[in-house]
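The sequence shown begins at 0 in numbering that gives the first Met the number 0 and counts up one residue at a time.
In short, the hints are calculated from the structure, not lab data.
If a hint is listed, it holds; no wrong ones were tucked in.
Below, simulated SDA-like cross-link-like pairs (lysine to any residue); rule was C-alpha separation at most 20 Å, straight line:
1) 46 x 11
2) 72 x 62
3) 179 x 119
4) 141 x 119
5) 198 x 74
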Amino acid sequence: MKRHLLDPQLSQNGYFPLDLSINNPFWKRNDVADISVCHEYIEQQRKTHGAFLAIGGYLEQRALYQKNERFNKGIVRDIHLGVDIWAPAGTTVHAMYDGVVHSYAHNSDPGNYGPTLILQHDIEGQTIYTLYGHLSLDDVNKWEVGYRFRESEIIAHLGTPQENGGYSPHLHFQVMTDMKGYQGDFPGVAAKEELEQYKDIVLDPMSFLE
Numbered sequence: 000m001k002r003h004l005l006d007p008q009l010s011q012n013g014y015f016p017l018d019l020s021i022n023n024p025f026w027k028r029n030d031v032a033d034i035s036v037c038h039e040y041i042e043q044q045r046k047t048h049g050a051f052l053a054i055g056g057y058l059e060q061r062a063l064y065q066k067n068e069r070f071n072k073g074i075v076r077d078i079h080l081g082v083d084i085w086a087p088a089g090t091t092v093h094a095m096y097d098g099v100v101h102s103y104a105h106n107s108d109p110g111n112y113g114p115t116l117i118l119q120h121d122i123e124g125q126t127i128y129t130l131y132g133h134l135s136l137d138d139v140n141k142w143e144v145g146y147r148f149r150e151s152e153i154i155a156h157l158g159t160p161q162e163n164g165g166y167s168p169h170l171h172f173q174v175m176t177d178m179k180g181y182q183g184d185f186p187g188v189a190a191k192e193e194l195e196q197y198k199d200i201v202l203d204p205m206s207f208l209e
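Model the full assembly from the supplied sequences, consistent with the hints where possible.
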């Protein structure tokens with residue numbers, strides 16, 4: 000990857016794809032919502048692939064959301080709109096581009112993002128927004144709307160399961176062209192029926208990282 004969203008020293012050791020989809024036989028036998036099971040699975044995959052950081056999830060359909068009431072109110076939302084990068088809690092998170100703080104929030108309800116930061120970037124005349132979710136609570140008081148971060152500058156740290164919404168430590172990274180009025184938040188999971196409305200708003204994060 001050309002751009003390091005997490006600690007560059009960890010990134011230099013490489014990435015490996017992590018499959019949390021409903022098509023993975025492992026998750027047909029195990030509970031993806033169990034943090035200890037998820038952690039053990041990631042550790043096993045690290046050894047298998049010989050890399051440290053696990054990455055994946057864009058438009059991945061996950062059983063994790065099918066089992067969570069938060070994502071099943073009237074319509075089943077189980078397709079992941081961002082990309083996830085798994086690393087230990089406390090790992091530094093870095094700005095993808097120069098940008099200013101658009102908004103931030105602590106989305107504290109179970110299954111949500113936990114501490115969330117959104118940056119606004121102007122790139123060759125185009126405005127895009129990057130969302131960083133599942134961060135540490137220690138960072139929230141350091142953010143200020145309008146504050147300017149430089150590319151690769153440390154903007155946050157990964158949070159623990161106790162503060163990040165209840166997940167194995169990881170970064171949820173998402174790229175949008177329009178915030179649609181959201182502040183400190185943006186849908187990170189959608190239903191199949193909603194994908195059409197998001198296709199021009201939520202971009203493939205990997206195209207910005209590769």
